[in-house]
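Taken in order, these protein sequences are the chains called A and B.
Take the first sequence: its letter number 122 is residue 342 in our numbering, and every next letter is one higher.
Take the second sequence: its letter number 450 is residue 451 in our numbering, and every next letter is one higher.
To be clear, the hints were calculated from the coordinates, so they are not data collected in a lab.
A portion of the hints provided could be inaccurate.
Said to hold, decoys possible - With a cut-off of at most 27 Å between alpha-carbon atoms, the simulated DSS-like pairs for lysine-lysine come out as follows:
1) A:Lys275 to A:Lys320
2) A:Lys295 to B:Lys546
3) B:Lys537 to A:Lys302
4) A:Lys306 to B:Lys546
5) B:Lys461 to A:Lys275
6) B:Lys537 to A:Lys327
7) B:Lys461 to A:Lys303
8) A:Lys302 to B:Lys546
9) B:Lys560 to A:Lys303
10) B:Lys537 to A:Lys249
11) B:Lys560 to B:Lys431
12) B:Lys289 to B:Lys4
13) B:Lys461 to A:Lys279
14) A:Lys333 to B:Lys537
15) B:Lys537 to A:Lys275
16) B:Lys560 to A:Lys300
17) A:Lys300 to B:Lys537
18) B:Lys520 to A:Lys370
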Amino acid sequence: MLKIVIDGKEAEVEEGLSVLELAEKIGVKIPTLCYHPAVGAYGACRVCIVEVIEKGLSKLTTSCTCPVESGIEVKTNSEKVKKTRKLIVEMLLARCPDAKIIQDLAKQLGVEKTRAPQKNENCILCGLCVRICREIIAVDAVGFANRGNKRKVTTPFEIQSDVCLGCGACAFVCPTGAIKIEDVEDKRKIDMWHTELGKVKCERCGRYFSPVPLLEQIKKKGLREMSDFLGLCPDCRRLVLANKLMGREE
Amino acid sequence: MSKKIASLRELDELRKRGLKSLYPDKPRIMVGMATCGLATGGKKVFEILSKGIEKNGMDAKLVPTGCLGYCQKEPLVDLLRPGWPRIIYQQMDPEKAEKLLDNINQGNIWRENVLAKMEEDEFLIFDEKRKYPSGSKANLNNIPSYQQLPFYKKQLRIATRNCGFINPTNLAEYVARGGYYSLFKVLTQYEPEQVIEEVMNSGLRGRGGAGFPTGRKWIYSRQAKGDTKYVICNADEGDPGAYMDRSILEGDPHSILEGMIIGAYAIGAREGYIYVRAEYPLAIERLKEAIHQAQDYGFLGNDILGGRLSFSINISRGAGAFVCGEETALIASIEGRQGEPRPRPPFPAQSGLWGKPSNINNVETWANIPVIIARGADWFSQIGTQRSKGTKVFSVVGKINNTGLVEVPMGITLREIIYDIGGGIPGGKKFKAVQTGGPSGGCVPSWLLNLPVDYEQLTKVGSIMGSGGMIVIDEDTCVVDLARYFLSFLQDESCGKCTSCREGIVWMLEILTRITHGKGEEGDIELLEQIAEVVKNASLCGLGKTAPNSVLTTSLYFKDEYEAHIKDKQCPARVCRDLITYIINEEKCTGCMRCVKECVQEAIVGERRKPHRIIQEKCIKCGICYETCKFDAIKLE
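Please build the complete structure, drawing on both the sequences and the hints.
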């Protein structure tokens, strides 16, 4: 167990946690935009910045990427932290003025308006979509392109990705709602990824449900006990399964 | 027959061959053919010399060499004739090359374009000087001595010891000047720990910019667990105006290889990488050749010096991202991923390339290693200051008389570099400041000219050592515009990962651009300083942490210049176009019509022999009239 001081209180924690995870565990709230427990920490948004004092030296660092080490002192809300965090949120507010999560965070931190040049983007480049696609879905359909001010998330060559399953995990984790998924009849469209995928027709009710590649991927994974249900939409699946369990004829 | 060197005797044999090549019993003509030489026409000169030698059936040896550092005087041609000191010719061209050949043929000393005579040659590795014959038949007294030239007098060339002396494609010439002797010494006399101790005691610190003690880095990699370890050479030199790494790679590639092989032995690596930017095609070619030769002679491969070590080196080409000089981004790039820094720990010494312990050093750092081994830590640590040992290569560029690469002991003052070596500012202009450490360095003002240059002192004044770029500016440079330029560079070169770096640089750039356009507002300086602090403190890697340096230093040292832009809407250096006006002095104007004709905007009106007038609404402030006027009648206000 490691002993550390966080916001003046002593805490004892097991090894291997980040400062952010530790704070969450003991109920200290640190704001963050690019952290998600499902994927590895990345340290891009810089909002979760905290002051870490080690051997008398103080430095600012992102709590999501800072491992808890014995003897460190963490200040999650010192004047320096507050000042820095406020300005970072001010920058993000200029980048994505319409994003609800940024507006709320700004309000919470007392940032009333932004003085930085406005950009009117939706994406804060947190990289959650990139990480979820790589680490959890394991297809790597999207990534970062360009550098600096021109950086963006996109598909390779900015055309429809060969490997995108249309699973929608990226949209699910996106904190600003920049990734929009549009389901129209037999198609799933993700404009952000220049992608349009055909959907599978339910064998029973004829409704279109899963994107074709997603279902193919699930079939490939060989969930044999599911094989009877794979051609069915979620509603029919539930119904057919229930009937089966109840021993009812359809 | 195998060329592989396995014993000291064989190495000595190779050295003898190299010495014969360096000092042949016929004229040896050397042409500086590093990129700086080529850019000024060195290749043409080389071709003319080559044709001339063939045509005249001359018995002479023509070789390309690297850069002697005096880039202002390129193309340089050196002539070494038996019985004579070495004579260095400057600013050569095809015509002069032919003249030189004629004189050689006639046995004369050609005295035009002479830069200096070199009376002795120094083999740093052996601590040995080799006197050239004095050439007593002819009077050479009026030719200045190379060692006494102001440009060279205060230099001590350790990392660049062979540049401009050897043919970089000739391994024997490298050996002749002591090359691979340090490797032999290490493999036959030292335990890996002793090598690290030597480097540690030498006090050598990373020459790539951060100045981390090299020996300590090596210890971490040595102690890291794992059988597979890597050594990496960081040759992703990207600072505008800095080119010392390129010069060493082009002029003395084997010194890097030898340094890396010694490093590999010390930390226990079997494989190495040189990460070199693709914009350095000649450096890549030289490295490839050098690696092949080193393999042929058994300095690289499975049985180095008779089976004492196995080590191979691969070249990995960077695709032009400045941020890939940052070590974690560099590793990502070698692995084929996007060049983007990641948080440390884990440090590369624990988990680097492909998750294996990796030791990364910069080109110049590696080039120092063989000399430290040969001459010992005690010798090396006598050079420099308390905490910054040895020498540093600086590329001195900008508004300075002697543009070039200079290698000087740490602790030398800025004044000595800029005035004694650099020869001061051209055109009688006033020195204003020097930007050290590239775009992420700081602007050191004229009143700090007596600052001794080392890692600590530069940090103290808000700048950094960086890779050693020094951009000199004079009174005609606007510091606000300068900071704006560096930020526009960094805006493109930041990887864009951190909000603070990506958005912060854009924000600061917007403010600076506004100020230079005369739209600065009260409070801009304070806001700039606020943003700069956040970018500095909250960004992940060295690029972001140093990005605001130029803003912070210029606004600190030249606050009045910022205020002149913001409050008085004036640019004291007369650079920012929106803040200057061209006016015709009616008393001086002779009515010659020249400016009227030259003005592309047709903004100047007037008749012959009557004073002209500029229509301000039409003027785009291009400055053509100012340059055209022979009577000094156009003023800038």
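**Item:** Restraint status (C-alpha distance of Lys333 of chain A to Lys537 of chain B at most 27 Å)
**Value:** The hint holds at about 23 Å.
**Asked** CA of Lys537 of chain B to CA of Lys302 of chain A, is that 27 Å or under?
**Response** holds (15 Å)
**Asked** Given the hinted pair Lys306 of chain A and Lys546 of chain B, is their alpha-carbon gap at most 27 Å?
**Response** Holds. Lys306 of chain A to Lys546 of chain B sits at ~18 Å (cutoff 27 Å).
**Prompt:** Are Lys289 of chain B and Lys4 of chain B close enough, with their CA atoms no more than 27 Å apart?
**Reply:** holds (18 Å)
**Lys461 of chain B paired with Lys303 of chain A [C-alpha distance capped at 27 Å]** = Holds: Lys461 of chain B and Lys303 of chain A sit about 25 Å apart, inside 27 Å.
**Message:** For Lys461 of chain B and Lys275 of chain A, compute the direct alpha-carbon distance and say whether it is at most 27 Å.
**Reply:** holds (22 Å)
**Message:** Against the 27 Å threshold, does the CA-CA distance of Lys560 of chain B and Lys303 of chain A hold or violate the hint?
**Reply:** Distance of about 24 Å is within 27 Å: holds.
**Asked** Taken at face value, is the distance from the CA of Lys275 of chain A to the CA of Lys537 of chain B at most 27 Å?
**Response** The hint holds at about 21 Å.
**Restraint check for Lys275 of chain A with Lys320 of chain A, where alpha carbons must lie at most 27 Å apart** = With Cα atoms ~40 Å apart, Lys275 of chain A and Lys320 of chain A exceed 27 Å; violated.
**Message:** With the threshold set at 27 Å, check whether the alpha-carbon distance from Lys560 of chain B to Lys431 of chain B stays at or below it.
**Reply:** It holds: about 19 Å lies between the C-alpha atoms, which stays within 27 Å.
**Asked** Does the alpha-carbon distance linking Lys295 of chain A and Lys546 of chain B stay inside the 27 Å limit?
**Response** holds (21 Å)
**Message:** Holds or violated: Lys560 of chain B and Lys300 of chain A, Cα atoms, limit 27 Å.
**Reply:** holds (25 Å)
In summary, the one numbered hint that this structure violates is 1.
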